[in-house]
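Visitor: Let's have the full structure, built from the sequences with the hints guiding it.
Spelled out from the first residue to the last, the chains are:
Number of protein chains: 2
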Amino acid sequence: MSDDSQVYISELSRHEGGHVTMRGWLHHRRSGGKLQFLVFRDGSGFMQAVVSKSDVSEEMWELTKSLTQESSIALRGEVRKDDRAPGGYELTVAEVQLYQLATDFPITPKDHGVNFLLDHRHLWLRSKRQHAILRIRNEVIRAARNFLDEQGFVGCDTPIFTPNACEGTTTLFETNYFDDKAFLSQSGQLYNEAIAMAMGKTYCFGPTFRAEKSKTRRHLIEFWMLEPEVAFHELDDTIALAEGLISAIIASVLERRRTELEVLERDVSKLESVRAPFHRMTYEQASAKLSEKNTEFVPGGDFGAADETALAEELDRPLIVTHYPANIKAFYMQPDPEREDLALCVDILAPEGYGEIVGGGQRIHDPELLERRLAEHDLPKDAFQWYLDLRQFGSVPHSGFGMGIERLVSWICKLDHLREAIPFPRMLNRLTP
Amino acid sequence: MSDDSQVYISELSRHEGGHVTMRGWLHHRRSGGKLQFLVFRDGSGFMQAVVSKSDVSEEMWELTKSLTQESSIALRGEVRKDDRAPGGYELTVAEVQLYQLATDFPITPKDHGVNFLLDHRHLWLRSKRQHAILRIRNEVIRAARNFLDEQGFVGCDTPIFTPNACEGTTTLFETNYFDDKAFLSQSGQLYNEAIAMAMGKTYCFGPTFRAEKSKTRRHLIEFWMLEPEVAFHELDDTIALAEGLISAIIASVLERRRTELEVLERDVSKLESVRAPFHRMTYEQASAKLSEKNTEFVPGGDFGAADETALAEELDRPLIVTHYPANIKAFYMQPDPEREDLALCVDILAPEGYGEIVGGGQRIHDPELLERRLAEHDLPKDAFQWYLDLRQFGSVPHSGFGMGIERLVSWICKLDHLREAIPFPRMLNRLTP
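If you read the protein sequences in the order shown, they are chains H and X.
Quick note: the first sequence uses my numbering, first residue 1, plus one each step.
Quick note: the second sequence uses my numbering, first residue 1, plus one each step.
Fair warning: there could be bad hints in the mix.
A pair holds if it fits inside one copy or across any two, identical chains being indistinguishable in the list.
Listed below are the simulated DMTMM-like cross-link pairs for lysine to aspartate or glutamate, each with C-alpha atoms no more than 25 Å apart in a straight line [claimed, not checked]: (1) Lys128 x Glu262; (2) Lys414 x Glu352; (3) Lys213 x Asp179; (4) Lys65 x Asp389.
Don't read these hints as lab results, they were simulated from the structure.
On a predicted model such as this, the values are computed, not experimentally measured, just so you know.
Guide: Here's what the structure looks like:
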């Protein structure tokens with residue numbers, strides 16, 4: 001049987017009435033007298049296969065009855081359309097072949113504690129729910145890349161090993177780099193700025209690392225970030241780009257990952273309302289709103305998780321917040337020409353309590369101002385000489401942002417915790433498997 | 001002028017006869033009496049703009065004559081079709097606006113030493129050649145992802161921080177991970193295997209790290225790898241996948257990046273001949289061929305760079321080499337059932353002396369054999385328990401490979417050194433900018 005080419009569950013509509021070989025794993029088996037109902041998965045989906053005692057040999061019938069959860073099998077049979085079946089097709093099995101009988105698969109339909117599940121992440125990934133989340137994550141990344149590619153962006157991978165820190169050093173991972181020290185990147189932004197001056201529109205997508213001793217459901221030690229950067233973009237341009245990007249991602253997930261959203265029991269009306277333009281306010285307006293809400297927010301300071309939730313949780317689409325005080329933002333933020341104490345920056349907060357999904361803004365393009373800011377932030381000019389060079393040789397206004405993929409996936413899937421939004425989460429106290 | 005929406009060079013065919021605003025950088029200026037010819041770049045391409053003394057104010061004419069290489073400018077004018085112009089269009093300029101005059105841009109048309117260029121990598125990226133390479137790199141990645149997406153692969157990002165080594169520890173970067181140690185991944189393969197048992201077909205694409213004190217033109221410390229892994233694939237299936245993938249990438253670059261290949265003066269006939277099936281031989285056949293060639297190859301050992309070059313340099317398409325001795329390959333390689341001393345593995349060597357671009361094969365799926373191999377390689381069973389679990393719960397034959405993106409880009413672009421195939425190369429003695 002192993003010479004037959006394998007047909008996948010996702011392709012069944014092309015094989016109606018055909019005799020096919022399928023390979024995968026038993027998800028669940030139910031006995032019905034002279035019938036065995038096998039819920040079967042092959043990575044592309046789940047389907048039902050029916051084995052009838054009268055259709056198979058005695059030996060094969062006994063084999064079928066012995067099959068356990070996660071046993072690996074091949075099935076040969078006829079594809080039948082059945083509107084009652086999940087996915088619309090069923091397999092009438094003529095032949096069962098066993099690769100391996102699985103004994104005591106640790107993750108059963110009963111409830112397990114989260115540490116148990118994380119210890120068995122390599123097996124937990126096989127569940128319907130994790131399967132659905134990872135397919136949605138892949139769609140988010142696919143849709144984002146397509147959206148940017150179609151607009152003429154050139155994806156360029158920025159380095160992970162960096163000689164200096166983008167925003168302070170207390171949360172950086174460090175490694176020996178031959179006779180030197182290297183730090184693991186927290187953002188590709190500074191390099192993106194150099195690339196944007198060459199390619200006009202660029203983005204990077206890669207892992208970033210924060211050595212933060214934080215245990216909230218919104219943090220991972222290792223997370224993936226998509227960062228576009230565009231020459232000649234000013235604040236409003238980068239906001240429009242972020243709105244368009246997020247809307248396109250949501251639309252693509254709604255179009256191509258309906259089944260997975262159903263598995264997650266996601267209320268899709270909450271996603272269908274996500275269309276540009278998003279809600280928008282300034283930091284001052286947001287502060288005023290928070291003072292009515294009795295959060296622990298201190299005016300002039302940054303928003304905490306509870307503040308972000310209070311601002312955006314009841315909205316039907318994300319909230320854009322602009323013009324934060326310059327002194328709580330990074331050194332490279334372009335000041336508002338009308339109000340030098342405010343930064344031309346933007347955060348985008350997801351609805352339903354998911355917090356910041358985008359952070360960015362316009363970067364300083366004036367060489368003297370950037371040099372002054374480096375000094376004010378006690379950053380070594382030498383290490384940033386290459387970054388200053390970008391303001392020396394054909395400097396132009398430019399803007400960009402970072403979008404945390406796990407934050408976005410968590411919101412789209414309505415997860416309780418970021419740890420389910422990545423195949424193998426890395427957290428404080430969690431480096432395995 | 002800054003309110004006009006920007007038209008890019010790549011979009012000019014849609015604007016023939018139109019009056020447009022373009023923004024970018026001066027690449028080169030040539031005077032012709034009452035005309036100034038500006039070669040202008042905006043990241044999407046290069047074009048010629050012509051300023052006529054009679055069309056602009058005296059002040060604007062003087063400004064135009066003062067423009068230096070890499071000065072940032074906006075141009076407004078009329079798009080004219082001109083078959084003699086590079087790209088087929090020219091701009092007749094009505095207005096010039098200066099963002100910043102660049103003084104003494106360090107990279108001039110004259111020759112520079114490679115260390116000088118690497119020190120100025122942030123500016124070197126603006127050259128026609130680097131621009132072309134990065135656009136081809138992006139196309140390689142885009143084409144690879146599209147090819148895999150269309151075949152139902154689910155891209156899943158594997159972790160960078162790992163608690164143990166995939167293949168030995170001498171070349172691993174290490175970092176403190178709170179109270180623990182973490183190593184930076186050299187391959188997503190082991191995690192891919194777990195994901196393949198969940199998703200059927202998966203791939204990861206991310207940075208990998210080798211602390212190798214090697215200074216060859218074929219090595220980088222930080223490089224990006226694409227790694228597909230498929231459940232139920234045997235050796236020949238994974239070879240067919242790799243052939244299809246490489247052929248699709250080359251076809252896509254030939255279709256969409258012709259201009260860039262021309263900039264690099266690449267002999268495209270060398271790429272046009274790259275079609276499946278590739279050339280193929282066993283390790284034994286390759287050994288015999290090398291013994292005729294007088295390289296320093298020692299039979300039974302691995303191929304060195306010179307051996308790889310000798311085997312494949314004169315071929316019109318890549319060379320597939322299979323069935324290496326098991327004892328020079330990684331612990332997880334499935335042995336050939338006919339010859340237990342050989343591994344069901346595959347390396348693919350690029351023509352024209354570019355060496356290994358793919359390495360992979362079939363993985364052991366038998367739990368006892370894998371456990372024996374771990375012991376033979378002195379690998380701690382505890383750390384690999386999760387990996388052994390994959391052979392315990394519905395184990396199936398599976399295969400995959402890793403493809404180094406910089407190696408592939410170097411070959412496609414015919415580069416002298418891998419350092420040009422990535423925006424900011426990391427090498428021994430090179431961590432900046």
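Visitor: All the hints need checking, so say for each whether the structure fits it.
Guide: Here is how each hint holds up against the structure:
In this assembly of identical chains, lysine 128 and glutamate 262 lie within 25 Å of each other by CA distance solely inside one copy; the values are 11 Å within and 49 Å between copies. In the homo-oligomer, the alpha carbons of lysine 414 and glutamate 352 lie at most 25 Å apart inside one protomer (8 Å), although the nearest pairing across protomers, at 51 Å, exceeds that limit. In this assembly of identical chains, the alpha carbons of lysine 213 and aspartate 179 lie at most 25 Å apart only when taken from different copies (11 Å versus 28 Å within one copy). For the identical chains of this complex, lysine 65 and aspartate 389 are inter-copy neighbours only, at 24 Å across copies versus 71 Å inside a copy, given an alpha-carbon limit of 25 Å.
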